[in-house]
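The sequence shown begins at 91 in my numbering and counts up one residue at a time.
Incorrect hints may appear among the rest.
What the hints assert, rightly or not - If you anchor each label on the Cβ, the simulated ranges turn out as follows: (1) 168 - 284: 27 to 35 Å; (2) 186 - 125: 18 to 26 Å; (3) 272 - 205: 54 to 62 Å; (4) 270 - 159: 12 to 20 Å; (5) 178 - 236: 17 to 25 Å; (6) 175 - 261: 14 to 22 Å; (7) 272 - 242: 41 to 49 Å; (8) 147 - 222: 43 to 51 Å; (9) 114 - 171: 17 to 25 Å.
What the hints assert, rightly or not - Listed below are the simulated BS3-like cross-link pairs for lysine-lysine, each with C-alpha atoms no more than 30 Å apart in a straight line: (10) 248 - 143; (11) 143 - 175; (12) 248 - 175.
Note that these hints are calculated values from the structure, not bench results.
Glycine included, every Cβ here is placed at the ideal spot set by N, Cα and C.
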Amino acid sequence: MKQILIAAIFLLGTVTSALSEAAADVAFVADAHMRWSDAEERVTSLRQEVYTKLQPGFADLGAEIINSDRFWEELAGDFDVELLKLIRGNVAAVYQEVLTTEEIAALADFYRADEGRVLLEQGVTPVTFTSNVAFFTEGAGAPLAEHLLELEASMEAKGETVTQYLRAVFSPARIADIIEMEDVMAFADESRRAVVAEALRNAE
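All chains, please: the whole structure from these sequences, using the hints.
Shown next as structure tokens:
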């Protein structure tokens, strides 16, 4: 009985270690591909894009942002950090769905090596693919090419969670709350403030 218990504990430790390694590998690969595709820079640019699009809309309503830092903090806070976390989780989940544990481990090992780090530093460009054909055809990257359509379909399906998150962050109701902050938004005609805020809340 004692020997069986020892064997069970050893087996459990082995399985737990394997699961831990697999989780570390898929997280590493997901993070590597996020950096490879400049995901952080894209999310940062989204912040400016949203701000740029909102300004003309406010002008049409007779409003003006007078404290841009406070406006963004009230509207989105650390949305970029949360968005990257959400995307990274989606990427990892997609790889776990489509690729095998062995394929993910091979990718992780490659990216941890010097050759893999050089590839990641090159970024996603046509030159990257043409100069690293072996990686995508017979190397650790072959499963990425082989399952490209599956990976894209799975990522598109999970993309809805990102859309929902962005809608929640940049909702009309949140903007209405900020509209009412006199130290953040100014109105040429102050009587318009309450009207605009109510209209935004009714737009939900």
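Outcome of the hint check:
no. : hint                  : in the structure
1   : 168 - 284: 27 to 35 Å : 30 Å, holds
2   : 186 - 125: 18 to 26 Å : 19 Å, holds
3   : 272 - 205: 54 to 62 Å : 58 Å, holds
4   : 270 - 159: 12 to 20 Å : 18 Å, holds
5   : 178 - 236: 17 to 25 Å : 23 Å, holds
6   : 175 - 261: 14 to 22 Å : 20 Å, holds
7   : 272 - 242: 41 to 49 Å : 47 Å, holds
8   : 147 - 222: 43 to 51 Å : 44 Å, holds
9   : 114 - 171: 17 to 25 Å : 21 Å, holds
10  : 248 - 143             : 26 Å, holds
11  : 143 - 175             : 25 Å, holds
12  : 248 - 175             : 13 Å, holds
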